[in-house]
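K.L.:
Here's the letter readout for the chains.
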Amino acid sequence: MGRPEASDRMSIDLTQDFFTLFGLPRRFDIDEAKLDHAWHELQSQVHPDRHAHLSDLEKRRSMQWATRVNEGFRTLKKPLPRASYLLELAGIDAALETNTAMSPEFLMEQMEWREAVEEARQAGEVDELEQLHQRLRLHSREVLESLSQELDEAHDYVAAADTVRRLMFIEKLQHEIDDALEALET
Amino acid sequence: MALLQIAEPGMSTEPHKHRLAVGIDLGTTNSLVATVRNSIAVCLADESGRSMLPSIVHYRADGSIDVGQSAVLAQASDPRNTIVSVKRFMGRGLKDVAHVETMPYDFEDSPGMVRLRTVQGVKSPVEVSAEILRVLRLRAEASLGGALDGAVITVPAYFDDAQRQATKDAARLAGLDVLRLLNEPTAAAVAYGLDNAAEGVYAVYDLGGGTFDLSILKLSRGVFEVLSTNGDAALGGDDFDHRLFCWALETSKQSPLSSSDSRRLQIKAREAKEQLTICEEAPIHLKLASGDEINLVITREKFAELTAHLVQKTLGPVRKALRDAGLGPEDIKGVVMVGGATRMPHIQRAVASYFGQEPLTNLDPDKVVALGAAMQANALVGNRKTEDDDWLLLDVIPLSLGLETMGGLVEKVVPRNATLPIARAQEFTTFKDGQTAMAFHVVQGERELVSDCRSLARFELRGIPPMVAGAARIRVAFQVDADGLLSVSAREMSSGVEASVLVKPSYGLSDDEIAGMLQAGVERAGDDMAARALREQQVEADRVIEATEQALAKDGALLDATERAHIDEVLAALRRLRDGDDHRAIKTGIDALARATDEFAARRMDSSIRSALTGHKIDEISV
Chain A
1 MGRPEASDRM SIDLTQDFFT LFGLPRRFDI DEAKLDHAWH ELQSQVHPDR HAHLSDLEKR
61 RSMQWATRVN EGFRTLKKPL PRASYLLELA GIDAALETNT AMSPEFLMEQ MEWREAVEEA
121 RQAGEVDELE QLHQRLRLHS REVLESLSQE LDEAHDYVAA ADTVRRLMFI EKLQHEIDDA
181 LEALET
Chain B
1 MALLQIAEPG MSTEPHKHRL AVGIDLGTTN SLVATVRNSI AVCLADESGR SMLPSIVHYR
61 ADGSIDVGQS AVLAQASDPR NTIVSVKRFM GRGLKDVAHV ETMPYDFEDS PGMVRLRTVQ
121 GVKSPVEVSA EILRVLRLRA EASLGGALDG AVITVPAYFD DAQRQATKDA ARLAGLDVLR
181 LLNEPTAAAV AYGLDNAAEG VYAVYDLGGG TFDLSILKLS RGVFEVLSTN GDAALGGDDF
241 DHRLFCWALE TSKQSPLSSS DSRRLQIKAR EAKEQLTICE EAPIHLKLAS GDEINLVITR
301 EKFAELTAHL VQKTLGPVRK ALRDAGLGPE DIKGVVMVGG ATRMPHIQRA VASYFGQEPL
361 TNLDPDKVVA LGAAMQANAL VGNRKTEDDD WLLLDVIPLS LGLETMGGLV EKVVPRNATL
421 PIARAQEFTT FKDGQTAMAF HVVQGERELV SDCRSLARFE LRGIPPMVAG AARIRVAFQV
481 DADGLLSVSA REMSSGVEAS VLVKPSYGLS DDEIAGMLQA GVERAGDDMA ARALREQQVE
541 ADRVIEATEQ ALAKDGALLD ATERAHIDEV LAALRRLRDG DDHRAIKTGI DALARATDEF
601 AARRMDSSIR SALTGHKIDE ISV
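From first to last, the protein sequence lines are chains A and B.
In this text, residue positions in the first sequence follow our numbering: the first is 1, and each later residue adds one.
In this text, residue positions in the second sequence follow our numbering: the first is 1, and each later residue adds one.
Note that these hints are calculated values from the structure, not bench results.
Keep in mind that the hints are not guaranteed to be accurate.
Selected chain B positions facing chain A (in silico; Cβ < 10 Å) [what the hints assert, rightly or not]: (1) Q312; (2) G316; (3) N383; (4) D481; (5) A482; (6) V544; (7) A601; (8) S608.
Rough simulated footprint, nothing fancy, chain A against chain B, three-plus residues with beta-carbon under 8 Å [unchecked claim]: (9) 349-357; (10) 369-382; (11) 417-428.
A quick note: this is a predicted structure, and the numbers were derived from the prediction, not measured.
Even glycine gets a Cβ: it sits at the ideal position worked out from N, Cα and C.
Please put together the full structure from these sequences, using the hints given.
P.N.:
Printed below as a string of structure tokens:
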């Protein structure tokens, strides 16, 4: 039965941060091709398929490593988790789940978006939903640009934390549109 | 790639030690076994030269069991005891199985998985599948001239945890050492990709006898990365047969048929469907037990019309998979067709029209999965010889995993299409003062309501120290391994008191039941349990000894003299035990060696990671 001390002992490097693990500079703007490449190379070493002929212990360790590498990849691949992770590394607790003290303008804007999505959903207007999706994507691109400026240039983590929270709202909305589209299709 | 030369954990340094490994395609209609011989993947045939084994099991009243070709005729003469398409029942309850009313079986709806009452007693689908796998194992052993070191078994990519677990249990029951469960479309992509040195984004459209999968893969420099997968685990060629069967019944205005007539008409329907692949029309002619006759002709056009909704049904998963991958049909470089059902001309037309290109049909859709599985088995067992054999599969989980929360809603913990292996944890808390236990319900599926998802496991965490509501922190961790199989654990964090429970969902079959079936199977085969246990441990000991020797030869420098002496000593002890006849002692020796090399293995892994990154950087500088 998985003794915790055993798994801790073998994990000398499990604590190193994901940017180091993937050999990337600790920045928000990353070279995606490089990330993909490093991910493939790391998995070439640690993936359970590489250790399938070895002992159970080695298989288990390989699974832990490969899991860690995949977690790192998922964290760095998408902008939102990458930004949250950078904040975490900078010691900023963005309190992402609870701190919802957003500016009234932003909340107003969100409510308008939400109403538009809900109306289109109820009316079954696929085209309208697709358009909202497109507009939202353009909007989120702008937000990502300011995030990159705040994190990589100004190093203003407090402002970045606020932008990250805004981005979370936007992503949630995007998921809702996706779900609505999927529901209408089936 | 410089990196792959630095450390090759999957490559054998002793090429003369060829291990026997097979890939098995356990299909709804037919099953196959393949192996890599002289660097070429080949399907293994039976003594009459047939490589496809019909997935049919006949339980005879005299206690014998026929599998495959010899069971084909019994379909009509003894339908109740002749199980066809058993894959449709794997990990499924009675309510999940379509067309039960036209099936001639005597079902028993036991919790979890449906069972079948036969003349030889109640059989679980796992046991029936194990009969098929056993025949393939014996065929492979006879053909390769020895006991197998391991097998890769393929499963539909869209199989959920319960269906995967059931498949793995069946393999275990059949005496196979499962190296990996491999998704069928991924296996096909390996066979296709390696044969054609393909690069780019491909779709695999896999319509088998009873299952449909659509996977999108990115092939680049020896890496097969599954971007997304979708499908329908209860849609296949069988449904096309069934449609034709129903049409024949309606058109001929026959009252409900006897099970024997019904089965014979189903066979006729399937034959007609196959004939339509080559001809414009096909006859359906059957003389019933009553003396009445069914005499019909079906045209290609009519058949396409009857089954148009089934073809449409496959396009839903195609759209979803593309959307999950963030791609459109125009981004797909080629569409690989897999499964006998893709021979139907109107399927090929529909796929061509959706993707705007002719699908790739230059490989045998019946064999490609088994061949890909054989290639992967060969690599996993450690038979890789050169860098050219070197590739990596990165597969995904097809369906989200979650936990039931208040109000019968699902809280997703692991999202679908996440690359395996993956671990995810979620924290929960108590909602009553002094609460000391918490119940968890693990489900799989995309729907919001628990009742619409598949229930995988229920468990309780007990011994939570009494606290005020909301103070306990219970961390539930999901781990999905490279086979796509889930284990779940829960732990109370805030008090420092540990109470954890591990769940391995084993749908319907308990470990005790499996052990019992294994025993029964072994007795029937006249096999000696102890001899088999000894052989298994010796194989494992050889494997571990060889792996350790290789590691020492390559990375011995990572150890100081004392550490090296200790490992050498334990290694020598295991070599002595291996030649004895006590399987338990060998097991103890293997465990001892594992413990002794634990730290060494950690250092090696660490150093290979460093090399990976160093290699990477050197690469970059030299460019």
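K.L.:
Against chain A, run the beta carbon of B/G316 and see if the smallest gap drops under 10 Å.
P.N.:
Interface hint status for B/G316: holds (7 Å vs cutoff 10 Å).
K.L.:
Taking the least C-beta to C-beta distance, is B/V544 closer than 10 Å to chain A?
P.N.:
At about 5 Å, which falls below the 10 Å cut-off, the nearest Cβ of chain A leaves the hint on B/V544 intact, so it holds.
K.L.:
Does B/S608 hold up as a contact with chain A if the rule is Cβ-Cβ below 10 Å?
P.N.:
Since chain A brings a Cβ to about 5 Å from B/S608, closer than 10 Å, the hint holds.
K.L.:
Report holds or violated for chain A covering the region 369-382 of chain B, Cβ cut-off 8 Å, minimum 3 residues.
P.N.:
holds (count 5)
K.L.:
Was the hint right that B/Q312 lines chain A, CB cutoff 10 Å?
P.N.:
Check failed: Cβ of B/Q312 comes no nearer than 12 Å to chain A, outside 10 Å.
K.L.:
Regarding the hint that B/A482 lies at the interface with chain A, is the smallest CB-CB distance below 10 Å?
P.N.:
4 Å, holds
K.L.:
Do three or more residues of the region 417-428 of chain B come closer than 8 Å to chain A, measuring C-beta to C-beta?
P.N.:
Held - the region 417-428 of chain B has 6 residues with a Cβ nearer than 8 Å to chain A, which meets the minimum of three.
K.L.:
B/D481 was flagged as interface toward chain A. Is the shortest Cβ-Cβ separation under 10 Å?
P.N.:
Holds - the Cβ of B/D481 comes within 10 Å of chain A, reaching about 6 Å at its closest.
K.L.:
Under a C-beta cut-off of less than 8 Å, do 3 or more residues of the region 349-357 of chain B approach chain A closely enough to confirm the stated coverage?
P.N.:
violated (count 0)
K.L.:
Can the hint on B/A601 be confirmed by a CB-to-CB distance to chain A that is less than 10 Å?
P.N.:
5 Å, holds
K.L.:
Does the nearest C-beta of chain A fall within a distance shorter than 10 Å of the C-beta of B/N383?
P.N.:
Status holds, d = 9 Å.
Hint violations for this structure: numbers 1, 9, all remaining hints satisfied.
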